[in-house]
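Per this note's numbering, numbering of the sequence shown is gapless, rising by one per residue and ending at 103.
Among these hints, one or two may not hold up.
Dumping the calculated EDC-like pairs for lysine to aspartate or glutamate here, alpha-carbon to alpha-carbon at most 16 Å [said to hold, decoys possible]:
#1 Lys24 - Asp46
#2 Lys36 - Glu81
#3 Lys36 - Glu69
#4 Lys36 - Glu79
#5 Lys36 - Asp67
#6 Lys24 - Glu82
#7 Lys36 - Glu73
Per label pair, the in silico range of CB-to-CB distance [stated by the list, open to error]:
#8 Pro20 - Glu81: 17 to 25 Å
#9 Ala50 - Gln85: 29 to 37 Å
#10 Pro99 - Tyr41: 12 to 20 Å
#11 Gln54 - Met6: 34 to 42 Å
#12 Gly100 - Glu35: 15 to 23 Å
#13 Gln54 - Pro78: 35 to 43 Å
#14 His18 - Val48: 32 to 40 Å
#15 Glu81 - His18: 16 to 24 Å
#16 Glu47 - Val95: 16 to 24 Å
#17 Arg44 - Trp75: 13 to 21 Å
#18 Leu88 - Ser45: 31 to 39 Å
Bear in mind the hints are in silico, worked out from the structure with no lab data behind them. Every value quoted in this text rests on a predicted model; they were computed, and no experiment measured them. Even for Gly, the Cβ is constructed at its ideal location relative to N, Cα and C.
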Amino acid sequence: MQECFLVIRSIVHDPERMKSYSVGALPMVEKFGGEYVVRSDEVTALEGQYDGRRLIIVRFPDMERFQELWNSPEYEELRQIRLSATTGEVWLVPGAVS
Numbered sequence: 006m007q008e009c010f011l012v013i014r015s016i017v018h019d020p021e022r023m024k025s026y027s028v029g030a031l032p033m034v035e036k037f038g039g040e041y042v043v044r045s046d047e048v049t050a051l052e053g054q055y056d057g058r059r060l061i062i063v064r065f066p067d068m069e070r071f072q073e074l075w076n077s078p079e080y081e082e083l084r085q086i087r088l089s090a091t092t093g094e095v096w097l098v099p100g101a102v103s
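Generate the whole structure from the sequences, applying the supplied hints.
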């Protein structure tokens with residue numbers, strides 16, 4: 006089983022809507038075996054420039070569990086809230102193979 010990471014970089018335009026997303030997302034991520042690794046607005050640029058975007062990294066035990074979350078009707082509702090409250094990028098990255 007190869008773990009994977011959901012990486013989100015975003016600018017929050019509607020903090021109140023994002024609060025409702027966060028309240029629903031945390032238990033849903035846990036339900037599908039995910040764990041928040043990073044959730045912060047405090048990023049230090051060691052090279053290049055930091056553009057002020059929020060950084061979120063969520064670890065999942067494998068791609069299958071992530072896909073179950075991403076494709077679930079429950080998450081689709083939350084996803085629409087996130088899309089309306091933020092602008093940014095979302096990436097899925099496989100973990101290192103040991």
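Taking the hints in turn, this is what the structure says about them:
1. Lys24 - Asp46: 14 Å, holds
2. Lys36 - Glu81: 15 Å, holds
3. Lys36 - Glu69: The given pair, whose Cα atoms are some 13 Å apart, holds under the 16 Å limit.
4. Lys36 - Glu79: Holds: Lys36 and Glu79 sit about 11 Å apart, inside 16 Å.
5. Lys36 - Asp67: 14 Å, holds
6. Lys24 - Glu82: 14 Å, holds
7. Lys36 - Glu73: 10 Å, holds
8. Pro20 - Glu81: 17 to 25 Å: 22 Å Cβ-Cβ, so the 17 to 25 Å window holds.
9. Ala50 - Gln85: 29 to 37 Å: This hint holds: roughly 31 Å between Cβ atoms.
10. Pro99 - Tyr41: 12 to 20 Å: 18 Å, holds
11. Gln54 - Met6: 34 to 42 Å: 37 Å, holds
12. Gly100 - Glu35: 15 to 23 Å: 19 Å, holds
13. Gln54 - Pro78: 35 to 43 Å: Distance hint for Gln54, Pro78 holds at roughly 39 Å.
14. His18 - Val48: 32 to 40 Å: Because 19 Å falls outside the window, the suggested range is violated.
15. Glu81 - His18: 16 to 24 Å: Roughly 20 Å apart at Cβ, these two residues keep to the hinted range, so it holds.
16. Glu47 - Val95: 16 to 24 Å: The hint (16 to 24 Å, Cβ to Cβ) holds, given that Glu47 and Val95 are roughly 20 Å apart.
17. Arg44 - Trp75: 13 to 21 Å: 18 Å, holds
18. Leu88 - Ser45: 31 to 39 Å: At roughly 21 Å between Cβ atoms, Ser45 and Leu88 fall outside 31 to 39 Å, so the hint is violated.
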